[in-house]
Amino acid sequence: MRRLSRWAGAALVLALLGACSPGTGVDRGLSKDGSGVVAAIAGEPDQLDPHRTSAYFSFQVLENTFDTLVEPGEDLVMRPGLAERWKVSEDRLTWTFTLRKGVTWHDGSTFGADDVVYSYRRIIDEKLGNAWRFDGVKDISAPDDSTVVLKLDKPVYNLLSRIGGHKGLAIVNKRNVESGKIKTRPLGTGPFSFDDYNPGESIRLKANSRWWGGAPKIPSLTFRFIPEPTTALADLEAGEINWTDNIPPQQVERVSQNEDLELDSAVGNDYWYLAANQDRRPFDDPRVRKAIAYGIDRKAVVQATQYGNATVNQLAIPKTNPWYAAYSPYSHNTRRAAKLLAAAGVRDLKIDMLVTKEYPETVITGQVIASQLEKIGITVQPREVDFATWLDKQGKGEFDMLMLGWLGNLDAEDFYYAQHHSDGDFNFQKYSSPEVDRLLEAGQKETGKKARKDRYAEAARKIADDASYVYLYNPDVVQAWAPQLENYKVRSDGAVRFRDVRLAD
Amino acid sequence: MSARPFSAWSHLLRRPVSAAGLGVVVLLLTLALLGPQLAPYGPNAVDVTRALQPPSMEHWFGTDDLGRDVLSRVVLAARVSLQVSLISVSIALVVGVVLGLVVGYFRGWADTVIMRVVDVVFAFPIMLLAIAIVAVLGPGVTTATVAIGVVYVPVFARVTRASALALREEPYVRAAAAIGAGPLRIIRAHVLPNVSAPVIVQTSLSLAFAILSEAALSFLGLGVQPPQPSWGRMLFDGKGFTDAWWMSVFPGLAIFVTVLAFNLVGDGLRDVLDPRRRSAMESRRDR
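Quick mapping for you: the protein sequence lines, in order, are chains S and P. The first sequence begins at -17 in this note's numbering and counts up one residue at a time. The second sequence begins at 858 in this note's numbering and counts up one residue at a time.
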C-alpha cells in the first residue's frame, strides 16, 4: 500500500468506470463490439508490472488482471484467492498454502506452485518496494505443484493481509517478466486478460473465460485515462463511459440526485496528511510541527477539498477500520499555535510546500492553510510541480512541507511502520523516535489481536503528539456509474473490481 | 528626435480608439500600483463558509470555491500580469534590439550565425518554447518572465536588424562614417533613433502577447503559483465550476480588455509613427 499511497490522492477523489455505451465507444476505437464496459480513471499507469509500480492508476487496472494467494473480501477479511485453503502450524512459524487446481495463465499455460515461489522470491531478492512484507519469512518452497510453504523465523500476525492486501503481491509469470513484456503487456491469471494498450488514451482488457472464479459477465473492460474530473463526469453523463471515480467533489451531491446515474460512497481507508521535513530547521523542533497542527482548521480543509465528502481525522486509521483507536489532541487554536512558535523562538517562518496538480486537493489545501497559518505568522508558499518531480523532490528531501495521501492500507502496521519507523521506507519526513520504533516493532511480534491493537494505538498517539504527520482527513471512496452496470459495489479499500459486473440489456 | 514622440502622442490621443486603449492601459497601471489599497478584501483570505457566492453588493464579482473575493483577486492579479509582461518584454527588447543593431550594422559572419539561431528559435511555436523553458527552469513567476522574454527576443532582433540594414546604406550614415565617427557613435546617434518607431510599435503589441502568454502559463500551472492571484490561474480554477460563471468570466474579461487595450495602442502607434500612414491620415483630415 505504501506504493499505492502516492497516487492515492488522486484515486480517492473519484473513480468511475463506465459501462459501455455502444456507438460512442466505437468512435474512439474502444470496445469495438459495443458490449464491454468503459471505465474512466484519473490518470495513466506508469507501468503494468505489479511488483514495481507504485501508481494507483496501475493498480486500478491490475486489480482486474492479477490474482494474489489470498484477497480481501468486502469486509476486508482475507479470503481464498489462488490458494484454496491454508493452515498454520502450532508454533505459527509454518504456513502451508494449498493452491487451486486447473488455474491457467492468460496464454493458456498452467499455473503452479513454482510461479508463487518465483513471484515472492523476485520481490524479496530484487528488494522491490514490497519486500518488507516478507520480513520474518526465511524460506519459501514448493514441495509439490499445488503446495506452497512459507517458513518464518518469528510469528507474523498479519501475514495474510501482507501477502493478500493488494496487487503489489500479485503472482506474476516468469516468462512474462524475463521478456520484459510485463511492463506493457502483463500476463496474469485474473478475471480479465490484457488486450490492447493505447498510450495516453486507454487500456483494454478482455474477459478471461477460464478464470477460476467464473467467467466475467462482460466481454471487455476498457480503462480510459481522463485526468480532468469535469470531463470524466460529462463523459459519464453523455454515456461515453460507464463508470468513473473521477468526480469533481463539488458535484457529488448533484450526481447523487441524478436519477440517470448511480453514485455510492464508502468510508475510505485512505488518509491525507501534511509532513514537515525534520531534516530541516526549524521543523526538527516538535513545537513548530505542533504549532502547524494547531494552526490549521481541518474542517475548512475538508470543506474546500472534498465538499464534506470526508471525515476529519487526527490519526491515520478511520473509524470503520477494525484497528481504529480514538485520539484527537489538536483543535484549531491559533493562540496556542502562536505560543508554541514563540516558545520555539521561531519568527517570520516561510514554508516551501510541495504540491502537485495531479492531486488537486494538495493545491487547494496549500492555499487554505496558507491563509490559516498566515494568522500565526507563517508564510506558506505552495510550489506546484508535476508528480514525477514531486516524487523526486520527496525522495531527495527537497521540501519544507508536503501534503499527500496514503491509499489502500488495511492492517494497522500498513498505516504506521513504513511512514514513521526510523528505518521506514517512506519516512521521507525523517521522523525518528526510539519509543515509536520500539512500539512498532512490538506490534509486529504480538500475536493477540488486543495486545497488538494496543501497541499500534500507543505508537499512533506518540506519532500524533510529535506531529510526525499532521493528519487531515479520510476521504470517502466515491464512485459513479451508469445504471446498466449492475452488481458493482464500492469497496472501502478502494479496489475497483469488475469481475461480477453485468450489463443490463 | 524629441519632437517626434511628442507629436506622436498628440496624434495618438486624437484618435478615439487609441485614446480609449491608452486610457485602459493607464487605468491598469493605476490598479497595479494601488491594487492593495483598492481591493476590498485580502486576495488570499480563505473563508469556505462564504464559498461560491454569486456577485452581490458585498462581493461585486462573487466569491470563488475557497470563499475568496473575486474582485480583489482580479485587481491584484493586474499587478503580476503587468509586471511579468513589462519585465519580459523589456528583456526581449534590450536583448533583441542590441542583437539586431549589431548584426544589422556590422553584417559579416556574426549576422549569419546569430540570425540563423534567431530563425531556429523563431521556428518554434511561442507557447511551446515558453513551456519548454519553464519545464527546464521550474515553474514560478521569475522563470515564466524569463521564458516569455526569451521567446520574444527573435521578433525584436528581426525588426531592428531589418531597419538597421536599410539605415547603414543611408547617405547620412555613410557621411558620419566618412568624417570619422566610430561605429558605436553611429549606432547610438544615427541608427538607434531611427529604428525606434517600429520597435515601439512592436513593444506595445508584444506586451499584449506577453500578457496572454503569462495567463496561459499560469493556467497550465507553470507561471504564477497559487495562492498568489493571476488571471490565467483563476480561469483554471474556475473551469470545474460551470455554475459559478463569475469565477471564470471576470478574470477572462480582464485578460480580454487588457490585451485589447495594448493592441489598440499598438495599432495607433503604428499608424502615427509610420510616416506614410501618418501623412495619409493627415491628408484625410485636411480634406
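Hints listed in this document are in silico derivations from the structure and should not be mistaken for laboratory results. Careful, some of the hints might be misleading.
[What the hints assert, rightly or not] Partner residues are not named here, just some residues of chain S that face chain P (Cβ under 7 Å, in silico):
(1) Ser17
(2) Ala282
(3) Pro304
(4) Lys339
Owing to the predicted nature of the structure, the values given are computational and were not obtained by experimental measurement. For each residue, glycine too, the CB sits at the ideal point set by N, CA and C.
Taking the hints in turn, this is what the structure says about them:
Annotation: Ser17 of chain S was flagged as interfacial toward chain P, and the flag is violated, the nearest CB pair being 32 Å apart, outside 7 Å. Because the beta carbon of Ala282 of chain S sits about 5 Å from the nearest beta carbon in chain P, less than 7 Å, this interface hint is met. Taken as an interface hint, Pro304 of chain S does not check out: its beta carbon lies about 33 Å from the nearest beta carbon of chain P, beyond 7 Å. Taken as an interface hint, Lys339 of chain S checks out: its beta carbon lies about 5 Å from the nearest beta carbon of chain P, inside 7 Å.
In terms of the numbered hints stated before, the structure departs from hints 1, 3, listed from lowest to highest.
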